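The number in my numbering is simply the position in the sequence shown, starting from 1, with 6 added.
Incorrect hints may have been included.
As the list claims (entries may be wrong) - Restraint-style ranges between C-beta atoms, simulated for each label pair: (1) Ala108 / Pro80: 17 to 23 Å; (2) Ala16 / Pro76: 36 to 42 Å; (3) Thr10 / Glu81: 18 to 24 Å; (4) Ala100 / Arg42: 31 to 37 Å; (5) Ser36 / Asp78: 40 to 46 Å; (6) Leu61 / Ile130: 17 to 23 Å; (7) Ala103 / Glu24: 21 to 27 Å; (8) His156 / Asp26: 18 to 24 Å; (9) Glu81 / Glu45: 26 to 32 Å; (10) Gly126 / Lys66: 18 to 24 Å.
No lab work stands behind these hints: they were computed from the structure.
Since this is a predicted model, take the numbers as computed values, not measurements.
Beta carbons: idealized from backbone N, C-alpha and C, even for Gly.
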Amino acid sequence: MNLTVDVQCASAEPVPDEDDIRSWISAALSEHRRERDSEVSVRLVDSEEMAQLNLSYRGKSGPTNVLSFPADLPEGLDLPLLGDIVICAPVVAAEAAQQHKALHAHWAHMTVHGTLHLLGYDHINDHDAAIMEALETRILATMAIPCPYHSETGAENDVTTKEQSAP
């Protein structure tokens, strides 16, 4: 599988390097057993841009941690484009601090989470959320990243991801 990741940084906040982002996406695709070539665009943004996107595509005010925009390719068109992931750097940093998680680990989680949405996973209902959370945990464990649904102190968090796939 050849993976192309285009990372655009439009945030003044510290963000992970492109190699980390690419490895997190690759891990999610590998766990999903995607063997085809894949292209993913990742845009790292500040709160203002994310709030605009969240309002435009989800009708919700304020920024969120991650939005995914799966490619909606016509049937029969066999292109490697999976879609776009937008991650809000200040929200990720605030959540990591609030949930007592390593910032790097939370970035990995949000990137894997967004990638899974591109692959069709969602967390609208409890059953789908449980499937997605278990898959995220398994993918992150392959990279020695702790369970994202527990703080680093070992206490269970009421951690829910704010992201949804954009329509």
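Here's how the hints hold up against the structure:
1. Ala108 / Pro80: 17 to 23 Å: Since Ala108 and Pro80 have Cβ atoms about 41 Å apart, the given range 17 to 23 Å is violated.
2. Ala16 / Pro76: 36 to 42 Å: Given range 36 to 42 Å: violated, Cβ gap about 21 Å.
3. Thr10 / Glu81: 18 to 24 Å: holds, 23 Å
4. Ala100 / Arg42: 31 to 37 Å: This hint holds: roughly 36 Å between Cβ atoms.
5. Ser36 / Asp78: 40 to 46 Å: For Asp78 against Ser36, whose Cβ atoms are near 24 Å apart, the range 40 to 46 Å is violated.
6. Leu61 / Ile130: 17 to 23 Å: holds, 20 Å
7. Ala103 / Glu24: 21 to 27 Å: holds, 24 Å
8. His156 / Asp26: 18 to 24 Å: Taking Cβ atoms as reference, His156 and Asp26 lie about 22 Å apart, which means the hint holds.
9. Glu81 / Glu45: 26 to 32 Å: At roughly 18 Å between Cβ atoms, Glu45 and Glu81 fall outside 26 to 32 Å, so the hint is violated.
10. Gly126 / Lys66: 18 to 24 Å: holds, 22 Å
Violated hints, in rising order: 1, 2, 5 and 9; the structure is consistent with all others.
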